[in-house]
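*Asks:* Each chain is listed here by its residues.
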Amino acid sequence: MATKGIEESRRNFIRKAAAAGGLLATGLLNPFNAILYAVEKPTDPTKHWWGFGIDIEKCIGCGRCANACKEENNVPREPFYFRNWVEQYTIKNDGSVKVESPNGGIDGFVQTVPKEDIFKAFFVPKMCNHCYKSPCVQACPVGATYETPDGVVLVDETYCIGCRYCVQACPYGCRYIHPEKNTVDKCTLCYHRISKGKTTACVEVCPTQARIFGDLNDKNGELVKFLKEHTCLVLKPHLNTGSKLYYNGLNGEVR
Amino acid sequence: MEPQYQHLYEMLSQVRGFIYPNEVDLQWGLLIVLYPYITGLVAGAFILASLERVFNVKVLKPTYQLALLTALAFLLVATMPLVSHLGHPFRAYEILMTPHSTSAMAIFGFVYLWYLMVVLLLEIWLDYRRDIVIWSQQTTGFKGRLYKILTLGVKDLSPRTVRWDDKIGYFITVVGIPSAFLLHGYVGFIFGSVKANPWWSTVLMPVIFLFSAMVSGIALVLFIYMVVTWFRRQKIDMAALDSIAKFLFYILILDFTLEGLDQIHRIYEAEESFEILSLLVHGPLFLTLFIFQILLGTLIPLISLGILQLYKPKELTRRIIYFSCSLLVLFGIFFMRWNVVIGGQLFSKSFYGFTDYKLRLAGSEGLLWALVWVILPFLILGFLLWLLPPWKKLEESTS
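As given, the protein sequences belong to chains A and B, one line each in that order. Heads up: the first sequence is residues 1 to 255, going by my numbering. Heads up: the second sequence is residues 256 to 654, going by my numbering.
Mixed in with the good hints, there may be bad ones.
Said to hold, decoys possible - Derived CB-CB ranges, DEER-like: (1) B/VAL629 to A/HIS238: 14 to 24 Å; (2) A/PRO76 to B/VAL627: 24 to 34 Å; (3) B/ARG418 to A/HIS238: 54 to 64 Å.
Said to hold, decoys possible - Below, a list of computed lysine-lysine pairs in the PhoX-like style, where the Cα atoms sit at most 25 Å apart: (4) A/LYS133 to B/LYS450; (5) B/LYS313 to A/LYS236; (6) A/LYS181 to A/LYS47; (7) B/LYS313 to B/LYS501; (8) B/LYS613 to A/LYS181.
If you are wondering where the hints come from, they were derived from the structure by calculation, not from laboratory data. All residues carry an ideal CB built from backbone N, CA and C; glycine is no exception.
The shape of chain B in the complex, shown without the other chains (with noise of 0.2 Å):
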């Protein structure tokens, strides 16, 4: 036996049950559960920075630039898994150059592109336009040359000049809301559109992804921001904390909502389906499912946002309970990712068997790619924050 063929005689002998032979190849591993996990990151925590600028919610605005540079540092990463796992890296600029249009996947790269260059690049350069002519005049070295390039050569600071800076910002943001909401409504699409595959051929894909989403980017925005502001020795905001975090348990309450309402309906109509997917949910995704993506993911952080909507107990506390919610969701929401791609591909389109799920440590495929792009991401966000400090901001503007 070839070394290469290994693994695959090890997943043959945990077959359960009847899959076609073809099957034993699980196709989508760990790396296309992290693709639509960090698209949604860069999403939702768009759509929070959307809150302070487009709907005016003003106790947002500590966070408001954390968050246009943390969904700008997770966009930079958020197609590597998808262009590392292929099977031919180098050729997957044909997707921009001869891109099949009944193909759901093709057309993701121009949403994607439209995006990063149109939304959030515009915006945050009109954001920061004038800083950075200021950071431009008052920096020497590298930082100083970075910023002059960043100019881009406009160095009007005249007030009518930045009124116009702040106009297009709003426009851009006004633009960016439905934007965002394509970008992953559209990455639910892609698997809500395999009618191939009965466990993600739903309707409500899209919209679960999108909201589901909103709930991890902002989980993220609450993360970051707590850790930014302790590695400042900064005094945390806490009306900005305390409206992040209603924010979240709201939409929270939607994604279960909706996620509970993709169930029932399953549940109800049992279709052909039914039997494989009930097994499916009660074996091998038992753990994730159960466990990691509705109790830990989604209950307990449900129940606690919940109480401290009622309740308020002192700061200490609240920051302990926000802290950790952050993490259970962002945790939840990954293993939510982990169900749909992973589970999508554990029953056999014969619905007769099961197949099994290895995760590798190394290869294409692999845990270790898979921890370098999601450190990646925060790397890019400390040089961001190096480049474009939010709160170097803040001081001038208030000044």
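Chain A on its own, in the form it takes in the complex (with noise of 0.2 Å):
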């Protein structure tokens, strides 16, 4: 009987230190990184699963995005409305942090830190996070704000009410009730154009290629190989939204 006990607590011993060990060798095999994000969804790889890179190296802060985007989405001009911003971070010695972004970058930036302060510096530009759990999606009461099934966040203007619950929701400041329309609008990563087969009007104007647009589901794509070369983050991983856009090269000061 004794024997028996013993052997059936060993079993169960070497049963769960198999498991456990299968586990981390689990996590061994795939490591946590920012791809994992997106390997959730979609259900069929071989339709596109549109995504979005930043490289924050390469951002030059010329504000020529978020020009572009305004016009070719006719956003209202007046600097409360954004589809698409660019942000100036400085970062100084004494460890503040001074966050800019006038008129949305369009005009450029002027460096107010003196050069000697300056720990470090750079561009952030923002958009849509095109989230695949998106919290706005979530949020809206009509279902006016819904994801594509090639994984873009749109609003149907003529069905949205108005409530702006979406507006509180999303974490990363990329909604806006628009002065004319009374309905929300964001970024459609140019939708109009992609289905065309074209590329994005911020992509397209981005003098140093920081931008760059592409599908997830396409492994020899651009996107995916941006992600494969560079350690990407996306924006409040802690909100678990799901974001596909990745930025290369973000620092921890960056919201």
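Reconstruct the complex from the two isolated chains, following the hints.
*Replies:* Listed below in structure tokens is the structure:
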């Protein structure tokens, strides 16, 4: 009896140890990296699954992307409405952080911190993260905000009631209420262009190729190559929004 | 510069630090402060009423119908601030026609309708049915016709039917208590579930909203009971008043403890958002949080009502203290809603700066509209008290 009991507990121990070891091995085989954020979806890997990459190391803060976006998508010119903007981060020697985005960076930037006080300075272009677990889609009470099968978050402006709950739900500040339409507006990833095989307006005008638009399902595509060759991160990963906007060279100070 | 953007340019000059460019335009203003405030008054008033009915606190009898009618008057207006602030108010029905099942806001419409139709209207109707039938036979003219409509064609007053009215009414009140909890806990969830906003996103939010709702609803019934009795030149039932004040005191303790717990938890955990929230409460929210909500709206009523539990001065003094406390609590809970709704939008989600909120007089988000939605429930209550006076009912049922 006693031997049987010991054997059983030994068997259990081995079983448990194997399970734990298996888990550990899986963990080692599939290390947690940025691309994991996009592997749960879509169900059909033969179709497009749009994502976006931004190389902070290449951005020069010219603001042409923000301007081109306003032109292409008829975004109101007032400095309160942006589908796409650039932020200038300046980390000073004393550790303090200065962030600026005058008119979304459209008119360019002037560095106001004296050079000797600067520890680090860089530009961070921002836009909709086209999250696949997006809090804005979750929050919309009528379903006017939705995700297309190819992974783009869009708004049906004929359906939006203008409650602004999605604006509150977006952690990245990517939505605004259109002053004339009184409905919400945001980056469409230039859906009218990409569905015709073109690239987005912001990518087209970027002089340094800091912006990469691409298909996460195209394993030989430009975006997957970018993710492979760089250590990419998404903004606010702790919120688990499933962001598909990947940054290379993202500092911890950026929010 | 076009005039429609003028206030935004003014806001832009008020920005401190860095905010995302789209955050200059503050999205939810005074009307959305009123929405949880009014909904809370409804839930609180109903819960006070159900204390009498379900938990058999007989001393609260004089305020039972008054509390129910108050709840109804405010519930009828509760969604108005919400609808009138929409970019497209005429599309509001889409929330009920094609609700999006994952949205916290979408389900509110159904919770609201359930509460209005199934709980409040039915309960009031069953409670008044016998009186309505009697009044419809005694009254002529417009009012008489109204009573006839309100009987819904049921004129049976046999003791058996009246007993059934009471039984079903009791059952509905029992269902009503969790419904009232649901109604306001749910409003808390609308804010508490926004993970993008650390000032809102706390699991305690629905519970805090619920208890603050009870506090404000009880204070409102206390206030209305005193005003209505004074208008009618009747003697106030001090036993009822003392009991309401006692309940107010207890719930206020619970509410304050919960809010304190929430803040202590935030301070102790001191997450990523801690610095900006600390700047928020010590800066832009200092007056409305520490002075209006905590000092005037909570501590002073808490201490005053607490003293009255130990020492009972003469009636007039007590009445004055109760009256002042009810007003202070109503004021304090209004600013509790303000601090949640406005406070949660004053800091940037980048945690690097603040925007400002300027209350405008006119416009759909302005003070004037807000006043309409605050005054309207009192007018509706006036009408309801004219149509369904609880005091006449009392006389008849005792005779």
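*Asks:* Each hint should be assessed against the structure and marked as holding or not.
*Replies:* We went through each hint and held it up to the structure:
1. B/VAL629 to A/HIS238: 14 to 24 Å: Violated, at about 40 Å.
2. A/PRO76 to B/VAL627: 24 to 34 Å: 30 Å, holds
3. B/ARG418 to A/HIS238: 54 to 64 Å: 59 Å, holds
4. A/LYS133 to B/LYS450: 13 Å, holds
5. B/LYS313 to A/LYS236: 55 Å, violated
6. A/LYS181 to A/LYS47: 33 Å, violated
7. B/LYS313 to B/LYS501: 14 Å, holds
8. B/LYS613 to A/LYS181: 23 Å, holds
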